[in-house]
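Listed in order, the protein sequences are those of chains F and G.
Position 33 (the first sequence) corresponds to 33 in our numbering; numbering is contiguous.
To convert, take the position in the second sequence, counting from 1, and add 1000; that gives our numbering.
Source of the hints: derived by calculation from the structure; they are not laboratory data.
From the three backbone atoms N, C-alpha and C, an ideal C-beta is built for every residue, glycine too.
Incorrect hints may have been included.
Just a few of them, taken from the derived set where beta-carbon distance is under 8 Å, the chain G residues facing chain F [as the list claims (entries may be wrong)]:
hint, residue
1, Pro1084
2, Leu1085
3, Lys1087
4, Ser1088
5, Thr1091
6, Pro1094
7, Phe1146
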Amino acid sequence: MYLFRGGVNHAHNAADSEAAAKNMQAWVNWMGGLQQKGILAGGEPLQPTGKQISGTKKVVTDGPFAEAKEMVGGFLIVNAKDINEAVEFSKGCPIFEEDGHLEVRPIQKM
Amino acid sequence: MVDHLFRHESGKMVAVLTRVFGFANIEQAEDIVQDTLLKALEAWKWGKIPDNPQAWLYKTAKNKAIDLIRREKLKYKIEHEFAPLLKSEYTLVPSMNEMFRENEIKDSQLRMMFACCHPSITIESQLTLVLKTLCGLSTKEIGNAFLANEDTIQKRLYRTKEKIREEHISLDYPGADNMPARLDTVLKALYLLFNEGYNSSHPEKLIREDLCEEAIRLTILLTENPKTNLPHTNALLALMCYHTSRFGARLDDKGYMVLLKDQDRTQWNKFLIERGNYYLNFAAAGNGIHEYHIEAAIASVHANAKSYERTDWEMILQLYTNLFNRTQSPVVAINRCIVLGEVKGYDAAIAELEQIKGFANNCYYNTSLGEMHLKAGHKKEAANYFQKALEFTSSHAEIELITRKLRLC
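Same shape as in the complex, but just chain F:
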């Protein structure tokens, strides 16, 4: 699984629609490439808002607290034979052009 952090949230920056369109195309190209190789399994972008629920009392607070660049902005699941291959596939991801970073985590089989 790829976890995306940081980068620019274009969905909330409609003023710069040209950059947003360019960015969207970059994601389509990258993900389209993964799909054609049969690697892509699924994934979604996430809105920058949400709720945190914590403790035995299940206290609900607004929003992910972390700074924007630490916040998980989305995820993708790919089929790779090991983590090294998954790292290799991630290198074309457009998030690197937008000052974001990506975390690769194998899914734990339980």
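With the hints as your guide, set chain G onto chain F.
Just chain G now, kept in the frame of chain F:
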């Protein structure tokens, strides 16, 4: 104007959305297109047709499709190769936009043609499905074309869709090995669709120009893709162009049939004859000769002849002989005999016609014999055959023509 637009655009949208959702979910695609057209009728009701109605329709259909995919129920039923791109919000909207680009629309229509004309579907169901999904005809219009009631057509469509699911027919192109055979099935369906339009089984309408137009439109699509633009595809298209060129001259003001000999050749459509010549030129490639080549060549000799008398009958006879040797079709044999009459005399034609067995109850066979006898001066025999022919047709135009012939006997 809106009718025409709706028919063409609905065919395109159904093809695109069926590709998006998968052939097994074709009903969802049809529902969205139906909703889109209803919404357009409502929105355009007071003459407020948008500047680009096509773009309006596509945008509405796209949004409806996106909504439907977002509702989880359909999402998990989509199972084709680019399904992951439609299932992720990262790529859903841009992928949908991509599918509605002109090239992708054409590609979807071609895939749809191959799927509708799958060999496991019977020929009449193939044609019904093509007319419904690719040509945007209503079940009532299809019923009219095939002389069947709406209920029969609906049942046929239902069974065909069941078949699609049972056989897991997809919208993938056939592999290179299967391509020639699969393309032949598609061409055959278009040929029959054209024939139905050219000489309709409908009692009151001898020519169904709309069916011919659809057949031509779909065949042109096949010539626009390198996978399917083969010599015999062009031969079939040439054949259709030549035959269509005569439509304006085949019926007179009263809707009566005018035979080739009596047609006003200045009314033949020059543009279509030129298109016929153009496609026949492309057909003359490769090593194989297909029946469509020969039929197109026959039509070409007729279309390019200055008059009935100055037609190259020898050439046509050779072509018919060749065609008969390939097909052994009795219908070809009857046609060949009529040409034989022009080349070797009517008595020779009568002798050969009498050799053809099993067609005694066929209108066309009896009219052909009647005509040859009439030309040979045997009025009594001619009258007998024309009388007999009348028993085997329900077409008003044909009945009128045969009655006219009877008066000459």
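Quick check: which numbered hints come out false for this structure?
-> Result: hint 7 breaks, nothing else.
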